[in-house]
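Given chain A, work out where chain B should sit, using these hints.
There are 2 protein chains.
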Amino acid sequence: MKAERHPANPLITPKDVPPSRPDFEVICVFNAAATKYKDETILLLRVAERAKGDEKTVRVPVLKFVTDGPSQIDVIEIDRQNPAFDFHDPRAIYAPDQILLTSISHLQVARSRDGVNFTLDPKPAIFPDRHSEMFGIEDPRITYIDGRYHITYKSVSPTGICTSLAVTDDFLHFEKKGIIFCPENLDVCIFPEKINDRYVALHRPVTHFLGGLNMWMAYSNDMLGWGDHSFLMGIQPDTWESGRIGGGAVPIRTEHGWLEIYHGATPDDRYCLGAVLFDLDDPRKIVARAMEPILEPTADYERQGFVSNVVFTCGAVEDGDTLRIYYGAADTFMARADVSISELTASMLA
Amino acid sequence: MKAERHPANPLITPKDVPPSRPDFEVICVFNAAATKYKDETILLLRVAERAKGDEKTVRVPVLKFVTDGPSQIDVIEIDRQNPAFDFHDPRAIYAPDQILLTSISHLQVARSRDGVNFTLDPKPAIFPDRHSEMFGIEDPRITYIDGRYHITYKSVSPTGICTSLAVTDDFLHFEKKGIIFCPENLDVCIFPEKINDRYVALHRPVTHFLGGLNMWMAYSNDMLGWGDHSFLMGIQPDTWESGRIGGGAVPIRTEHGWLEIYHGATPDDRYCLGAVLFDLDDPRKIVARAMEPILEPTADYERQGFVSNVVFTCGAVEDGDTLRIYYGAADTFMARADVSISELTASMLA
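Chains as they are written, first to last, in the working numbering: chain A, 6 to 355; chain B, 6 to 355.
For reference, chain A alone in the conformation it holds in the complex (with noise of 0.2 Å):
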């Protein structure tokens, strides 16, 4: 079963969004969150931007430390011809002792009534101001649970690609909880719900000798700790999800599991959709696994961009049987692609 994309995509822009700066610009809107608050759509956006450059030089952003007052972005200059920088790859630039990231992203509120037309909140919600997160703040995930909004997203530094967690209330003000998933572990997802008492999360670390690009699943106590960790599901050779797969969407209750809307790539990166059912009391236990993605990049806006041919979920709002699902395009653009919660769980359980 396919979901149906919405015709006003792509829903937000690059160009929709102001820069934090007037030497940057937008590259990237992209891989939000996305939750219900009040009678709101909320998306936290994941905002890239890049300092501009010119002919000579290449322009990179990095965190600056400062020990008291707001965070800053310090700009460090390149010479396009310096042989000891190697800038084939638009995402970062490899030098013999460090990689650099080419942009830096923040984390931005857009708020809609009908769920397709978004207003952007002036300011960024959620900004890098540690070391933990000297590259950027990417990939957040909502998790309504014990009252509060719980925010799960990539902190990207020199030292490494971890996972941390904020809290709000009222999506103005947010608290930083620091690092609960120590790297390289990124597409963190915490479940709506404790089960058997403790909390749950979809996580995907990124291993080195042993294992593959695989989801595994934690529990905690108090969202700050995880453990009782294990392997949950694994790529699957020759197809469209043999390179790595990872959580998407916060997992969602149905009647027949908890219903996954995660992740698969191609080694080449090929990024699509897919559907899981966990069972409800051990999430643990697949109840079934849709073998044909829900959606492939194959729109103009999710072949062509910063990334192509990218489809890539962090969040998904349910609206009766609806399941409105937003997602990374190109990693440049938000689009939204529907698909009916009963049809798309029968058509998996069949």
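Everything labelled a hint here was simulated from the structure, so no lab data went into it.
Possibly wrong hints are sitting among the right ones.
One copy or any two copies: either way a pair holds, since identical chains are not told apart in the list.
[To be verified] The calculated lysine-lysine pairs, modelled on DSSO-like cross-linking and capped at a C-alpha distance of 30 Å, are:
| id | residue 1 | residue 2 |
| --- | --- | --- |
| 1 | Lys69 | Lys290 |
| 2 | Lys43 | Lys181 |
| 3 | Lys182 | Lys43 |
| 4 | Lys181 | Lys199 |
| 5 | Lys182 | Lys199 |
| 6 | Lys57 | Lys69 |
| 7 | Lys181 | Lys290 |
These figures come from a predicted structure and were not determined experimentally.
Only chain B this time, still in chain A's reference frame:
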């Protein structure tokens, strides 16, 4: 300052350890956790066994899954002439789609009244028995805290290298508590006291895209879930610890800070032991770090073995002002080196 090798070194060799079954041979006994229990010094040895092969066949031990009854080891036979397999690494066999380890490890107790002459318990103490331990269990550390002995150990399987927890009260009965650090993570040492009401651990994530093989710190409220991760200390370019560092012995309290004997290695895997002091109240602060190793692999039994040029500790025992550092030598033997705690800390603070 240098630690002094014990004249009886090596204290335990593979010949001292009977194999767990007649068609196996013990090839390494090393990297033991160490603690005091009643009037004994306990070593929890890592015992690595290999299935005996012959000129034509390599035999690889792998955990077999049984739904009930004790765990068993299966033996996979591989023709040495099979071109699909790469046998060049003594530790691992590489096939196109998998990695196999040539040996499988379990943990076995050795006891001593004098800290030098050890008697082995007749049976393994902790044996691999689940999917996450399919390739064996390795490199334990013992922390006595909350009135119980808590054992961290590497659990190795095709899905990754994790760190798991087990507890014992008597070194006869052991209860496994599951994976506490997800892949890829090792060298986990839990501090012997809560600090500011939280458990604290050293750990060593293995990063992939960003970051190096550095030491991190984590906190926990229950020793099962770990969070509030932070980068603690890094490798040092162009030194004996330029390739990787990781926790070694469980830290011991001194008046000047938590004394940690850790390992550092070069990129070509020459392993030494180093010393660092962490602040007593906030162990994320480094009080002093010895620039030179306290032990380098120069003795014959450290220079030649299953993996040459290795000294690696998983445990040390206080004996008045003497710290008895038990260490694995050349990934083959158990040895001991002593250092004066007061002289070592004074030399670090000088």
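Going through the hints against the structure:
1. In this assembly of identical chains, Lys69 and Lys290 lie within 30 Å of each other by CA distance solely across copies; the values are 21 Å between and 45 Å within a copy.
2. Taking CA atoms no more than 30 Å apart as the test, Lys43 paired with Lys181 passes inside one copy only; the shortest distance there is 23 Å, against 45 Å between copies.
3. When the C-alpha separation of Lys182 and Lys43 is checked against a cutoff of 30 Å, the pair qualifies only within one copy, where the shortest distance is 24 Å, while the shortest distance between copies is 41 Å.
4. In the homo-oligomer, the alpha carbons of Lys181 and Lys199 lie at most 30 Å apart both inside one protomer (21 Å) and across protomers (24 Å), since each shortest distance falls under that limit.
5. With identical chains, the CA atoms of Lys182 and Lys199 are at most 30 Å apart both within one copy (19 Å) and between copies (20 Å).
6. Within a single copy, Lys57 and Lys69 get their C-alpha atoms as close as 18 Å, which meets the 30 Å cut-off; across copies the closest is 58 Å, which misses it.
7. When the C-alpha separation of Lys181 and Lys290 is checked against a cutoff of 30 Å, the pair qualifies only between copies, where the shortest distance is 21 Å, while the shortest distance within a copy is 32 Å.
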